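Participant: Letter by letter, the chains look like this.
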Amino acid sequence: KNEVEQSPQNLTAQEGEFITINCSYSVGISALHWLQQHPGGGIVSLFMLSSGKKKHGRLIATINIQEKHSSLHITASHPRDSAVYICAVTLSPYSGAGSYQLTFGKGTKLSVIP
Amino acid sequence: DVKVTQSSRYLVKRTGEKVFLECVQDMDHENMFWYRQDPGLGLRLIYFSYDVKMKEKGDIPEGYSVSREKKERFSLILESASTNQTSMYLCASSSRVPGNTIYFGEGSWLTVV
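Residue numbers (our numbering), protein chains in the order written: chain A, 76 to 189; chain B, 8 to 120.
FYI, nobody ran anything at the bench for these hints, they're computed from the structure.
Bear in mind the structure is a predicted one, so any value in this text is a computation, not a measurement.
Hints are all accurate, no fakes.
Calculated pairs, DSS-like style, for lysine-lysine (alpha carbon to alpha carbon, straight line, at most 30 Å):
(1) B:K25 - B:K64
(2) B:K77 - B:K20
(3) B:K10 - A:K130
(4) A:K129 - B:K10
(5) B:K10 - A:K128
(6) A:K130 - A:K143
(7) B:K10 - B:K78
(8) A:K181 - A:K129
(9) A:K181 - B:K64
(10) B:K10 - A:K184
(11) B:K20 - B:K10
(12) B:K62 - B:K10
(13) A:K143 - B:K64
(14) A:K181 - B:K20
(15) A:K181 - B:K62
Some chain B residues well away from chain A (every beta-carbon gap over 10 Å; in silico):
(16) K62
(17) K77
(18) R80
(19) T90
No residue lacks a Cβ here, since even glycine has one placed at the ideal position from N, Cα and C.
Make a model of the complete structure from these sequences and hints.
Facilitator: Okay, here's the thing in structure tokens:
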């Protein structure tokens with residue numbers, strides 16, 4: 076069974092700090108997603124990646140397929156970045172499981188203090 | 008702007024009531040999903056559908072059923088609500104391409120008393 080592990084579970088940072096959230100998984104995947112959930116809100120997809128690195132504004136996501144590991148970085152963090160960040164994977168079609176489904180990590184709660 | 012719309016944001020229902028949670032997407036997506044989210048447990052898949060009238064059980068289908076009569080609409084039904092079904096329910100949709108971006112609704116907070 077695929078497990079998706081995130082670390083840390085909780086993270087408090089000062090405004091302006093560089094932040095890293097990590098995600099590891101145990102089986103072959105076709106894609107990894109980074110999602111953001113604000114308090115009381117729905118979930119927004121930040122990145123979907125299957126290799127390499129993607130950048131959007133102050134957010135950078137990287138993935139190492141061989142090591143089954145991904146990181147989400149936030150540069151120059153701001154209080155509005157405070158949210159829960161969730162890593163999720165779509166299993167490889169060759170894994171034998173439904174490739175439409177996502178397997179989720181439990182999330183990292185980020186608080187950025189002014 | 009792409010959209011997944013959940014009909015009710017907040018509901019309070021009594022134990023034993025039948026509850027309908029509706030979800031509509033405007034992206035012509037084949038796949039639709041219902042999740043529940045609980046503190047410490049993360050998101051768990053209840054049911055999903057990969058086409059009209061098709062449905063598959065997820066990890067926690069007990070106590071729930073679903074209906075997909077039209078491509079854009081996916082309904083979650085609690086036949087007889089119980090207090091342990093108090094939760095946040097999230098609907099999502101995606102295209103059939105594996106690994107494609109998934110879009111979520113705003114969530115429905117259900118309290119069963």
